[in-house]
Amino acid sequence: MSKNRKFYIGGFIVSLFLAGVVSFYASSSPDGLEKVAGDIGFIETAKDHTLADGALADYGVKGIENERASVGVAGVIGVIGTAVVAGVFFKLIARKPEKNKS
Amino acid sequence: MHIPDGFIDVPTSAAFVGLSAVGIGAALKGARTQLDDKTAPLAGLTAVFIFAVQMLNFPVVAGTSGHLIGAALAAVLVGPWAATLALTVVLLMQAFLFADGGLTALGLSVFNMSIISVWVGYGTFLLIRKILPKNKSSIAIAASIAAAVSVPAAAFGFWVQYVIGATGTFSDSAVFTSMIGVHILIGIGEAIITGLTVTAVLASRSDLVFGWKNNKNKEVLEIKNV
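Top to bottom, those sequences are chains A and B. Counting in the numbering used here, the first sequence runs from 42 upward without gaps. Counting in the numbering used here, the second sequence runs from 1105 upward without gaps.
No wet-lab data here; the hints were simulated from the structure. Being a predicted model, the structure only gives us computed values, none of them experimental. Beta carbons are placed, not taken as given, at the ideal position from N, Cα and C, and that holds for glycine. Don't take each hint at face value.
[As the list claims (entries may be wrong)] Partner residues aside, some chain A positions facing chain B, computed with beta carbon under 8 Å: (1) PHE48; (2) PHE53; (3) GLY73; (4) GLY122.
Start from the sequences, fold in the hints, and give me the full structure.
Dropping the structure here:
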């Protein structure tokens, strides 16, 4: 059991570190699709994102001026949010009927 | 390869919402048979890890970056059904929380990354695993090759959507060449990250890895599935 916990806590910490710290050093060049769209020209058909004004839009926290902190906090929120949503979701999926508590 | 709104017209986007819904429905059923109390947390962790690593764009050629999709990685770690679900959770989080990937384009992106990339990756993995010796390094190598193939596969999915419903009027063949070309390069990064991650998980918890367990118990599993 403790081996299990160690593995999951370790994986979670690695993810927090990648999204919270390393993400600042990620390339800001356009990704493959954006680059192709720009080169060929269909980038102009893109519309603004419906939620472009959201508090976490583009992996930055609105109101945090420091870029490193902004992307880092956004990444940490994303990791925790994904952990909660995916954790609950897969727990529900994996639940076997016979193991339900009556 | 998160598609923004506007690239692909509304009818095509809507059609792919339907197709993706069918795929997710099947995955919900399938994942129930492949996940249990022991492996469900790994499916969750896989989604978390993919979210984190998708933030890490690496440079590919001048002025272009790429990032992990994670479809082959997820398929090898938790099986293709749960992989489809994990990728879909990540894409939903990104679109709704971080405005990454258009909302009306979600069906398109889910289809390319959660379905095409997962299943092409998983199919490639099974094929390569078959011809390699049955050991852990083979699993990591097969996962890497699967990852390399899964990225241009997703790009191909986008191209099909572009041909069907592009709002622009640019040459289909130019889009094909550029999309596949750059995503073959991004696939190299995908292969490296996938190989390293699978190696690390196999070293610490091989008992949880779908693509490894199911290799050793192949006959048993086939009998059970009848």
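Hint by hint, where does the structure go against what was stated? Just the numbers, ascending.
none
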